[in-house]
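For the record, the sequence lines run as chains A and B.
Quick note: the first sequence, position 279, residue 279 per full-length UniProt numbering, numbers continuous.
Quick note: the second sequence, position 77, residue 77 per full-length UniProt numbering, numbers continuous.
Since the hints were made in silico from the structure, they are not lab data.
Careful: at least some of the hints might be erroneous.
What the hints assert, rightly or not - From the structure, some residues in chain A lie toward chain B, with a derived Cβ separation under 7 angstroms:
(1) I40
(2) I42
(3) G101
(4) V126
(5) A154
(6) R155
(7) N156
(8) T176
(9) V181
(10) P184
(11) S186
(12) G194
(13) R195
(14) T208
Claimed, not checked - Footprint (simulated), chain B over chain A, 3 or more residues, beta carbon under 8 angstroms:
(15) 49 to 63
(16) 68 to 79
In this text the structure is predicted, and so the values were computed from the model without any measurement.
Note that CB positions come from ideal geometry on N, CA and C, so glycine has one too.
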Amino acid sequence: MNKRILALGSVLALGAALTGCGADEGAGEGDTSKLTVGTIGIGSDAAIALGIERGYFADEGLEIETSVVANPPAGIAAAQSGQLDITYTPSIPLLNGLSQGVDLQILAAADGYPDGTAELEDPSQVDDTGLFAAAGNGIETPADLEGKSVSVPARNAQLEVTIAKAILDDGGDPGTVNWMVLDPASALQSLEQGRIDAAGLVAPFSNTAADDGHTHLSAPGAEFFGDGAIGLWVASGTFAEENPEAAAGFVRAIYKANAYANENLDEAIDKSAELTQVDRAVIEAGADSYWPDEVDPADIEAVNASLVELGYLETEVELDDDLVYDAQ
Amino acid sequence: MKRRALNTVLGVGAPVAVIAAWWIVSAGSTNAFFPPLATIMERFQALWLFDRFASDVLPSLRNLGIGYAIAVVVGVVLGFVIATVPVLRAMFEPALHFIRGIPPVALIPILITLIGFGQEMRVTSIVLAATFPTMISTIDGIRAVDTGLRDVCSVYRLRKHERLLRVYLPAAGPQIAAGMQVSLQIGFIVMIASEMLGSSQGIGAMTLLAQQSFLAADMWAGILLLGFLGFAANILFEAARSRVLAWYIGSKRQERAA
Numbered sequence: 001m002n003k004r005i006l007a008l009g010s011v012l013a014l015g016a017a018l019t020g021c022g023a024d025e026g027a028g029e030g031d032t033s034k035l036t037v038g039t040i041g042i043g044s045d046a047a048i049a050l051g052i053e054r055g056y057f058a059d060e061g062l063e064i065e066t067s068v069v070a071n072p073p074a075g076i077a078a079a080q081s082g083q084l085d086i087t088y089t090p091s092i093p094l095l096n097g098l099s100q101g102v103d104l105q106i107l108a109a110a111d112g113y114p115d116g117t118a119e120l121e122d123p124s125q126v127d128d129t130g131l132f133a134a135a136g137n138g139i140e141t142p143a144d145l146e147g148k149s150v151s152v153p154a155r156n157a158q159l160e161v162t163i164a165k166a167i168l169d170d171g172g173d174p175g176t177v178n179w180m181v182l183d184p185a186s187a188l189q190s191l192e193q194g195r196i197d198a199a200g201l202v203a204p205f206s207n208t209a210a211d212d213g214h215t216h217l218s219a220p221g222a223e224f225f226g227d228g229a230i231g232l233w234v235a236s237g238t239f240a241e242e243n244p245e246a247a248a249g250f251v252r253a254i255y256k257a258n259a260y261a262n263e264n265l266d267e268a269i270d271k272s273a274e275l276t277q278v279d280r281a282v283i284e285a286g287a288d289s290y291w292p293d294e295v296d297p298a299d300i301e302a303v304n305a306s307l308v309e310l311g312y313l314e315t316e317v318e319l320d321d322d323l324v325y326d327a328q
Numbered sequence: 001m002k003r004r005a006l007n008t009v010l011g012v013g014a015p016v017a018v019i020a021a022w023w024i025v026s027a028g029s030t031n032a033f034f035p036p037l038a039t040i041m042e043r044f045q046a047l048w049l050f051d052r053f054a055s056d057v058l059p060s061l062r063n064l065g066i067g068y069a070i071a072v073v074v075g076v077v078l079g080f081v082i083a084t085v086p087v088l089r090a091m092f093e094p095a096l097h098f099i100r101g102i103p104p105v106a107l108i109p110i111l112i113t114l115i116g117f118g119q120e121m122r123v124t125s126i127v128l129a130a131t132f133p134t135m136i137s138t139i140d141g142i143r144a145v146d147t148g149l150r151d152v153c154s155v156y157r158l159r160k161h162e163r164l165l166r167v168y169l170p171a172a173g174p175q176i177a178a179g180m181q182v183s184l185q186i187g188f189i190v191m192i193a194s195e196m197l198g199s200s201q202g203i204g205a206m207t208l209l210a211q212q213s214f215l216a217a218d219m220w221a222g223i224l225l226l227g228f229l230g231f232a233a234n235i236l237f238e239a240a241r242s243r244v245l246a247w248y249i250g251s252k253r254q255e256r257a258a
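Please model the entire structure based on the sequences and the hints provided.
Structure follows, in structure tokens:
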């Protein structure tokens, strides 16, 4: 009889543990100076890596442990459950999360485009994302992609949203596009074989597509975002409140690291090459990386409005005044 | 008899208790990743009954059905051939165990390279993964055929096809069925995994999309649907098995009674 009670008890406890998982988030962090940070293994991780190497975080009494997460939503989920303190995410997954009631706060800018991007004649100079049509398939502009198949690395994420906007702005209907999820290597190959009409690619694969002679239709990131921060360092909504010193220290150190990376681009490129295992020449030939020194809430608002315009969100997410953490 | 009634009550009661506990504990949940069960059920109804049934559930099930059917036929035939032709067995058996050791999901990127990312890739990946359990249990089943039975075949001078179809196949039947059941489960797993790339169509693709868009209730609804489908597939399988192998189940029962 006891066994049965025990079994029932453990089932109930399991249920409680599953559903009440969020309750203990942040517990145990207290005043430890060790921060776990999720990155997604892209070239712009160079700034935080350089910051760690140069001791900017140590100066703030912080020990940073980075780990690569599969994708931004996974990082956000990990930050929410307390497995990560801080994680990298572009603004679009962040807004998707906020729209579903995930409690998140922006600590600092991770990467983005420099001032004046919107006025650039060739935005692909700064945009590490690109939209390419297969060479010779007759597609010349984004609007030609109506009803065609276009590959993206993930659905409802940055590439899809920015390409949809490029198609809309060009007079096409993005609702008719057949989106395909493909990893970049498969996307390049499928483009070559004509299995897809166009591919949304991130550097260094966008550089390869250009080298292979595929038609560059758009620099969707730069056209969508203009200048400002796109990649963000984000924590759960309670992190900064519970760890004000760690949060403020992180923000000071990361902006110092961002500034250093901008000023020492060669060193940053070396670091990107080392982190991503991509040939240095390929990175150098691609778009210039830029690490902003602030997050302008207006930029997030603009993305918010675009997501509604494109139908990815039903209504705009209500953004708190303290969405961007103020380290002062 | 009393024991059996009690078992039935427990079998139905325990899951109901777990669901009730889930319902009550999750009722006030504000955690974005663990929504109340009531919300999940609402989304379940909105998504699967029957808005996306034709567009997502049916394609997934069709892929599974076609892939599984091919896998079973190929698995039994190949298993039969390998088990009965000693030269082939010597040639292929070690390689089979090597290939079987590769997680089927790891083959999907290669399949995309070879045959693209359409429905045929999905079916092929199910076939590749689900063939092996059936094939290997067929080989084992045939090899385990009682030597007495073999002798009887010789004494009665049964012809080759009679031996195969009327003696060996039925004798190996219970083991083949066990392999087919494993194949079904693996087919299910690969059905979901194969939808992670390519067009966003299918139960697995929908569930993954929901996860990446933080639509937790939709994600849970997808997981529940997968659970129900797996459960239903297993019930169908058991029903078919007890029909086809009625003689075997009956003989086991008699053995136990004796």
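- Item | Hints that the structure is at odds with (numbers, increasing) | 1, 2, 4, 8, 10, 12, 14, 15
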